[in-house]
Structures are given as C-alpha cells and as structure tokens.
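Protein chains: 2
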Amino acid sequence: MTTTSEARARRPATIDRNDPALWHELAQQLRVDSVRCSSAAGSGHPTSSMSAADLMAVLIARHFRYDPARPRDPHNDHLVFSKGHASPLLYSMFKAMGLIDDTEFLTYRQFGSRLQGHPVPLLPWVEVATGSLGQGLPIGVGMAIAAKRLDRLPTRVWVLCGDSEMAEGSMDEALEHAGHLGLENLIAILDVNRLGQTGETMHGWDLDAYRDRAEVFGWRTIEVDGHDAEAIDAAYTEASTPSEGPTIVVARTIKGYGVSEVADKNGWHGKPLPHPEQAIAELGGERHLVVPPLAPDTAREAWRFPSGSLELPRYEVGSEAPTRQAYGDALAALGSANGMVVALDGEVSNSTYAEIFREAHPERYFEMYIAEQQMVTAAVGIQVRGWIPFASTFAAFLTRAYDFVRMAAISRAGIRLSGSHAGVSIGEDGPSQMALEDLAMMRAVHGSTVLYPCDANQAAQLVALMADLPGISYIRTTRAKTPVIYGPDERFEVGGSKVVRSSGDDAIAIVTAGITVHEALKAADTLAGEGIKVRVIDAYSVKPIDTATLKAAAAATGGRLITVEDHWPEGGLGAAVLDVFADEEVRPRVVKLAVPDMPGSGKPAELLAAAGIDAKAIAAAARRLAAAGPQLAAKPAS
Amino acid sequence: MTTTSEARARRPATIDRNDPALWHELAQQLRVDSVRCSSAAGSGHPTSSMSAADLMAVLIARHFRYDPARPRDPHNDHLVFSKGHASPLLYSMFKAMGLIDDTEFLTYRQFGSRLQGHPVPLLPWVEVATGSLGQGLPIGVGMAIAAKRLDRLPTRVWVLCGDSEMAEGSMDEALEHAGHLGLENLIAILDVNRLGQTGETMHGWDLDAYRDRAEVFGWRTIEVDGHDAEAIDAAYTEASTPSEGPTIVVARTIKGYGVSEVADKNGWHGKPLPHPEQAIAELGGERHLVVPPLAPDTAREAWRFPSGSLELPRYEVGSEAPTRQAYGDALAALGSANGMVVALDGEVSNSTYAEIFREAHPERYFEMYIAEQQMVTAAVGIQVRGWIPFASTFAAFLTRAYDFVRMAAISRAGIRLSGSHAGVSIGEDGPSQMALEDLAMMRAVHGSTVLYPCDANQAAQLVALMADLPGISYIRTTRAKTPVIYGPDERFEVGGSKVVRSSGDDAIAIVTAGITVHEALKAADTLAGEGIKVRVIDAYSVKPIDTATLKAAAAATGGRLITVEDHWPEGGLGAAVLDVFADEEVRPRVVKLAVPDMPGSGKPAELLAAAGIDAKAIAAAARRLAAAGPQLAAKPAS
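Line by line, the protein sequences are chains A and B. Note that this note's numbering numbers the first sequence so that position 494 is 494, with each residue one more than the last. Just add 638 to the spot in the second sequence (first one is 1) and you have this note's numbering.
Just chain A, same shape as in the assembly (with noise of 0.2 angstroms):
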C-alpha cells in the first residue's frame, strides 16, 4: 500500500504514450479521483465509473485525438458518455487531460459548479448533456453522419455506453442505423460491468449476447477484458483500422474495480465508497499525472456545400395550400441558400413534403426510416460541429422522441422539429395519426420555439426563421390544404401575430393559430352579419406568444376573448393566452375552444364540429360572449 505523498512523487518527467505502466497509472489516477470527486461531493457513481477507467485511459493516451482549445474544431474526435452516470470518470478525464484543475474538480456537484451530476455543455468540452439513458449512442450515429457525410472528414466519435442502457431500444436504432448508414468512423466502448442500479442485467457478463446483436446490425466487434489496457490498446487499434461499419469493442469489467469493499458487489451503485481513504489507498494514492490528448489531423478541411440566396417559394393569394407543403419547399430553398442547412424524416417525407429537400439536396437529406427516437438524436449530434439540422414526422410521433427532446434542451441543442398531420382535422386516420397533445409537449420543454402557420407563405417565412434560433424549435403543420390569405412578401416574426381580422370596434377577439384560424374567419364572416364585429388574431408563435397585440385585444373587446385550437383543452394555445394575463391587473375572460373528446375518423369537417372548433360552435361561443357584456372593470380601490 503507497501513502498520497509515495504516489505523488511517481509522477514522471516525461509522458511515454506507449508505455503500458502509464496505462495502468492513469486508469488508477482516474479510479481514485472518481472515488475522491463523489466522495467530496457525497453522491454521484463512483463504481460506475471505476469499471471503465482502463478503457478511457488507454483512449486518452493513444487514440482521442481532440485540440481542447478549439473545442469546436470539426477536426476533433468526439467523446460522448452514453452512460451519463459515469461523469466522476469524464470529469477525472478533463482532469488528467489538463483541462480542469483539483480545485475545481472538487467542486463536482456543488450549485454553481460546471461540473454537474450528469454531464452538461456548460463545460466546453461536453457537447451533449446526457444522464437519460440511451441517448449517447444515438447521438454517436448523429456526430458521425456529420463527420463522414458533412464535414467529411477522419474524425472518429468514441461512445461510452453501459451495458444496462442496452435495454433501451434507441440503442438498437442506432446500432441498426449506423450498420446500414456504414459508419466506420463510430466506436461504441461497451462497458459490461454486469451491474445495473437493482441488480444483475439481462444478459450479466454474456458478452457474446451483446457482440451478436451488434454484428446482426452489421458492427465490427472485439471483445475485451475491460482491464487489460494492452487487449484494450489492439482493440482501439484495430476499431481505427478500414472497416465497412462501425465497430463496438465489448469490455467484461467489474463494476468498482480496484477496491475489493465495493468490487463486483451488488448495492454501491450510484452511491460514494464506504470508506475512501481507504479505498484511495487500495488503488495506490493519489495520482496527478497529465496526459493532454492527441493533436487532431487537421490537414483537410471540412466540406462546405454552396451557399446562395434565399428564394422562398411564392403562393398565391386566394390559393390553396397544405402548410406542410410550405414546410417542404421552403426547406428545400432554405438548402439552397444555405449549405449547412440539414434534413432528416422518419420515413413519411411524402406526407411532411420533406421530400422535396431530398429531391432537391440528396447529399444533406438523411432518411431516419420509422425510428423517431433515432431522427431526432442524430439531429443533435448533427448540430454540434453548426450544421443546421431539421427533423420532420407526423406531429403525434414527436412524443415518440419526448425524452430526447427533453435532453436536447439541456444540451443547449439547436435542432428544428416539423410535426405534420396536426389535430382532428387530418380526418379518416383517426386518433393514433392525431397530434393532439403536441403544443402542450413542446411548450413545457425549456427555451423552445413553437410555430404554428395557417397559410403557406407564412410557414414558408417561419421555416426561413427557424434556420437562425437556437434551442428547439417546432413547426406544427396541418395535412388539408388551407387557403392562402397572406401575400408571399409579408412578414413575420417569432413572437410576433397578424391581426387578420379586425373593425376598429370589436366586441370579441378570436385568437387562434393554424387551421382554425379559417374556421374564425367564417365565424367573423356570420357574426358581422348579425351585427357582432369580432377581432381575429392569427397567433402562429405560440410560444413566445405576442403579449403586446393580446393585451391590446382584452382592452379593446372588454376582455372578451376566444381561443381556439385543434388540440386538446390542457397547455396549448388557450393555456399561453391566459398565462399572458395571469398576473396582470386586467384579465380578460377567455372562452377556450379545444378538442374535449376523442375523435374518431370522419371528414376533416365533420371532425372540426364534433370538436367544437369549427366555425359554427366558435360563432355560437362568440354569440355568448357577446350578450355577456363586457369583462373587464377597474381595480376596486384596496
């Protein structure tokens, strides 16, 4: 056993890469500063990490090949912890790899620090959050499309996965995808350590159960000792080598390897050792050794696709149009003038229009076939070198990827999401092909975006729009054609609306967004028939919402407001407009239409009435309202 000092003073003059007995010493260092880290800190998962230790020493000091001052380069080797729960490892890697000091690595947890329980982008060498598992790898499949297709260039994207999150099934859409796709520039690092949070996995140490499925799904596969750094070195060395897919080396390790108290036993995940002075003692003390990472090869640049300019395509006026074909042409244009723009589909890109994009710029479309779990993760790991990823489905198989959304927003991600086929109004489908939870899904998710046109030239505008905001964006479009009513040179703006409807004197204010919003057309129609002028807003961003030209709309009617969506009655658009008066001191009263029952097939119309949400029920709400008189009074003196 070497007291701290002993081990202290081992640390060499100089580093030999090639040495073994480096090997060994880092992966021990890395061992007892995940101990040390989560013991600081009173949680995190030391064992779990100390069961990868030789396989991401032996990375570091001869295969990551990454420039951390330009954390950003496309030149870079990627490292992605699928096994989010491992960040005591990462962290003791950025550590060894000189990019953050002792001090701040005992920070690890604490509020404030970059340092977080799971893996974050706060820290400029994370490129995506991750901690749910299942979400690395698929992620993996996205950074490698972008390396080999898009940037085309040698970068390799290493994946640490555990083998508990096998059992998500967004692990076999990425080893199905990234087989037929070809990646070679993928190498997934399978950490076995039979173990999960409850016990023993599926499959425990049976590697061959895990090799298998990878090489069914078309994978190069090595299996290791995960602690035999020399069997781990040939087998990185041999993943690097020409291959026609992507490889996964399968590493039998011991969860808590090192320390004979917690080794191989069941009960001490995600939890500090027991006793860790000890434990550090076990492993042979304390060790500062510094290993900074290969230099990337930077002889080559990226491959930029032609840029040009912007030419939406135009509607006419009085035509018309399905959004979802706006959706398509617009990308498509987008694509043109500008080269980084990306599209993804999950095999509907005929009913999104997505397949105008493909048409148009094979090289940057992506089929994702039915696997939306998979679609939207390799558009996050596709943004994180720039490019511009947009992803499309039909709007209800978005909650498909709702956890990956979800993690997209902690990994300050920028992808853009067009869900199609929105609402009741799709028609003889029927409710499994109804989007009817989605405003509410995409609404609750952090810094998003959420569009939702009612004409054609308008989601071509909002399409141009998304290509420039960051975080998640979503477009919701609508499968029936509508009528176009804006000109192709009018604009808009997220956060912005378009008072369509309006006299000067209204006693109502519809406001609504997409299809609907024709639906309150005729409703104003009938109503200024019968002497009821009505105000109808067209709020196509629904989040952020035009607070401005609602507020004006209470004053103006007297607080009468309508809202109507093609949705269901919890979080969406009627939600947004009363969280705009919620605390204000003058609070409309909002008359919300929404769908309140499941619908069945039927013509798109017939559905809409059912509903409530057609024009003849949003005239008859109005009428109601209408003879209520007006809502808003002063403050009473307090």
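Source of the hints: derived by calculation from the structure; they are not laboratory data. Virtual Cβ for every residue (Gly too), placed ideally from N, Cα, C. Careful: at least some of the hints might be erroneous.
[Said to hold, decoys possible] Calculated from the model, a selection of chain A residues having no Cβ within reach of chain B, i.e. all distances over 12 angstroms: (1) Arg62; (2) Asp208; (3) Gly318; (4) Gly386.
[Said to hold, decoys possible] In silico contact screen, one side only, chain A against chain B (beta carbon under 7 angstroms); selected entries: (5) Arg65; (6) Ser170; (7) Ile370; (8) Ile410; (9) Arg587.
On the provided structure of chain A, position chain B as indicated by the hints.
The following block gives chain B in isolation, referenced to the frame of chain A:
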C-alpha cells in the same frame, strides 16, 4: 375472370378448415374486402392488407382460438395488429369470422363508425388501439406475461407486425423482453412486404436480417413464403409446439399481392386501388365466406391471487418520509388487499420503492429493466383482461414513453403510472434526472388523472384510489423526505384538495402541491408574523382540479392567488388553476411561481431557492400581491 354473382355462388355449404382451397378462398376474400372497404372510404391501406391476407386466413381457419361472444374471457387467444394501418384486413377478418355484416363493414372510416382508420377498442374484438407503429408487439409482451404468469392459461398472443415498424427500438425492447422472459405463448408474424411508405425498408427482403435479430434475443424463428398457405399452416403448427421462448414467423410477402397493377410497386402505400373493380375481378370476385374462429380451451380456470383487506401504511404526523416510499408501502398493501394488482418498474425499484411490492408479491412484480417503452406497453397488455398494473420509474423517464401513454388513452386502457424524483428538488443529480414537464405531459392525455401528494399518508391514500380509476392515472412523487402533515385516517379524493392553512380572512391564497406545500406553509408562517394572512391550498389532485375550493379561495381573498410548482411554467399546476377561471365572471389574479431557468446540480434547498419556488420566494410574491390590493371587481354593466 369470375363475376361477383359467380363468386357468391361458390360459397361452400360446409366449411372444411383443413382444406387448403378454403384457405386460399378466404385469403382472396380478405383481399377483395380490403379493396372494397378502402375504395368505399376513399382512403386506407389495402396494399398493406393484401400482403398479409394469406397469413391471416390460415390463422382464422386453423389456429386462432377465440369466443367472440366473450371477448374479455381470459381463455381467448389475443390478436394484435401491430401494423394497425392494415385495418382493412382486420375488419375483413371480423367480417369473415361473422362478427360484423357487410353493411357495417362498408362504413369503414366514416364518421361515427366503429371501423376507424386504425383499430380502436370501440370494437369489442379489438383489445388495444394501434396505429403508432412499434407498439403492438410490446403490448403483446404484456398480454403474454398476463396469460403465462398471471392468468396462467395456455392462451396464445398472435401479433401481426410490419417490416417497416421493425425500425422502432420499441420492437427490439419487445424482442429482448419476450426472449428474456421465455414467453412461449407469444407468436409474432412478420409481414416482410419490403416496401414502406416512401420506399424500401433498410432490409428489403433480407428475411435473415430479421430472423437473426430475433434469434439473438432468444426467439424460435421460422421463415416462410407468406403466400404459401400450407407453409404458413406448418409454421403456425410448429409455433404452437412447446418451446423455450417466443416464436417469430418471418414471412416473405408482396405488398398488394394478387393485383398486378399494384403488386410490389412503390407509391401505393396508404391509397385505395386505382381500379378496384378490375382488382376485385383479378382476385376472383367477391366472396362472403364465414369461418368462425375455433373455440378456446376453457378447461382450466384462470389463476387468481388471494385478496384481503386493505391495511395502508400509517405515518406519524410530524415525522418525515418521502412520498415515493409511501408509494411503495401503499402499493404493497394494495397488492395484499387485491390479488389483481400488479407492479412493473424500470430497473429503479430501489428509487421508486416499487421494491417493497416486489418483496411482498414477487409473482406479481415484473422487472422491465431500463426500457420505459416496454414497461408502459406491458402495463397496457396486462390490463386487457382485468389486471390492475402500476408502473414506476423516475418521472423524467416517463417522457420516454409518451407516445405509448398517448396510445394507451386511445386504447381506453386502465394503467397507473408513478413518476418519482420530480422537479429540481432532487438536487445533485442535475436536470437530466429532474421531471419538469411531466405535469404538462400527463395533463395533456385524454381522460387522465394527475395526482401530486405532499406527504406520505396522502400519497398512500392516493395510490389506493388509483386502483379503481379508469384511464391513465399518474402520481408524481418526491425524492426528498417531506414532513407528514396529515393523519393516517385523513381522506382524499380525486378532484379534491385540502385547505391546510386558513385564518378566515385571508389576503392571499397559495395553491400548490407536492414538496412546495411545505415551502408554502413556511412562507405562511413568515407572512403571519408580518400581518399578512394567507390561505394555503394543497391541490394534490392536479387533474381533475378542485374548482369549488379554488373559486372559494378567489372570492375570499379578493382574487389574489399564487400558484407554486416544481415544474416548468408551462402546462402544470398553474395552468390548471388558470383553466378553472378562464371563462368565469370572477377571475382572480394569479401569480405563477415555477421553474424559470435550466437548473443545475446543487442541494435541494439551493435549487428550490434558485428557481424562486422556496418559502422566501413565495413570501416575496405574497407581499407584492398583498400590496396590490384586492383584484376582483364586479362585472360592469354592459
């Protein structure tokens, strides 16, 4: 070519189930009817139906055991159309089995018809809704679990899968779990017709790609020509022989088989045939065979576990306990009281405390590992024949299963979900583990119930209530210990709330739930010392919410409400409160306190403070609102 009248004349006097000629005739009838109903509707998926017609004809004639008069009988085989868009085929089968007549059959996709675009359980022979791909097989896993491990009957589960949907990771989760559990009563029939919606699948007619994948997961695999009825019969016969695990019949089929104009041609997905009369003629004309299903084996009674009296856990007022522990304690008690109660967990049962149920009732506990999609769909499958499943994981990870929860609502399924570790109050693990959108997500599920207890006795009572609730119910639990403020005999109800602090002449009402109830009580103490009297409402039933108590509070406080929630500002408790008053004449001012920015790691108290939802922030908001004076006024005369 035969005419329709000739074909009708061929209806045999007696049915010989063992006659391959019958199988062929039946298959052609299913094809003809798929063409007929989709042509009548003007939409639908006939070509996707025609590929699987032989597979289904042989199933009806020789293998499917089902009593249509007793659709919920546990002795019945199950049939799930995982490729729900092949609904024309399913309804053609219902007609061929004599369950619906031709008149109803031709109402396909019409408004008000039970024969919706994708199957829903308005039809008594449809047990679950499908149409979002990749869900039928994992639901089938749940049904097979119920048959084998709960009902303990030789019931089989037949699931027709499409090849396109094999790209969904949820299918791999199902393959893995079925293999792991050795569900020999599960038979997947994979219709490999090569063509998806927009083009060829990743694997085309590479049947081995599917076979090998299933084999890796422990399935018995049989490859067949999906248009060779005798080979199909042999495959099903083999699938019904004893085995160590589930069976998959991988069938090479042709999309649009039987009609040369569309057979194996791209571009005909989801469209009626261009020339239906000609197609029907090519298929040999209309037939109206009726082949009732074989009777199920009812010799043995379904197994039932003992039931007893309900002895809920009791926590002492003034002690502290986490509501997640109360979930586990109460669920175990419920399991003793009701032998139909079943629990599932996503490999975090020591965090959700589902482990208490597992220890008490190991035969009714199912470990779903880290596969939330499979967990929720297993629950859907398990509830079909009357079992009462509760499924738990971290609330954040229920986002992984949102599409499955959405579809469960369309299935009219009764499932109970428990999400632990809600909100920033979990502390050091950071945002990836914090549910901050779950209330919004679960409120926007049709017919859902959303519960959020603040103490252990309340949590236990609510768990007991959930057992009897229809539809989707959700309980949000907290990681931290919280003070027990209710006695063990206090009663709670869905749609209820508790006024936990009131002076009779309160200036402010604070509406909150869960962990922030205790922050509100602390704030109330502080404010009382300053002469500001506040009412504190524990709105533990977030949906449905207690409108009467909220209205009374608005009236009593001069319209001054504060909502507090450990959740994003969108779609949660604050939104539920605003919805109560939106269309009322008396509308309070509502100050919404929620989590405004992306949290990090830290101590729970630090994070509650940073989010502005701790006692100090609540007190500050109350002071501001109190100073603003009463906020209600009578409606002005119109």
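We went through each hint and held it up to the structure:
1. For Arg62/A, the condition that its CB be more than 12 angstroms from all CB atoms of chain B holds, with the nearest at approximately 30 angstroms.
2. Under the 12 angstroms C-beta cut-off, the non-interface status given to Asp208/A relative to chain B is violated; the minimum distance is some 9 angstroms.
3. Non-interface call for Gly318/A relative to chain B: holds, since the shortest CB-CB distance, roughly 27 angstroms, exceeds 12 angstroms.
4. With a cut of 12 angstroms on Cβ distances, Gly386/A stays outside the contact zone with chain B, its closest approach being about 22 angstroms.
5. Taking 7 angstroms as the C-beta contact cut-off toward chain B, the hint placing Arg65/A at the interface is violated, the least distance being around 28 angstroms.
6. A least Cβ separation of about 5 angstroms between Ser170/A and chain B falls short of the 7 angstroms threshold, and the interface hint therefore holds.
7. The criterion of a C-beta within 7 angstroms of any C-beta in chain B is met by Ile370/A, whose closest approach is roughly 5 angstroms, and the hint holds.
8. Below 7 angstroms, beta-carbon pairs count as interface contacts, and Ile410/A has one with chain B at about 5 angstroms; its hint therefore holds.
9. Taking 7 angstroms as the C-beta contact cut-off toward chain B, the hint placing Arg587/A at the interface holds, the least distance being around 5 angstroms.
When each numbered hint is compared with the structure, violations occur for hints 2 and 5.
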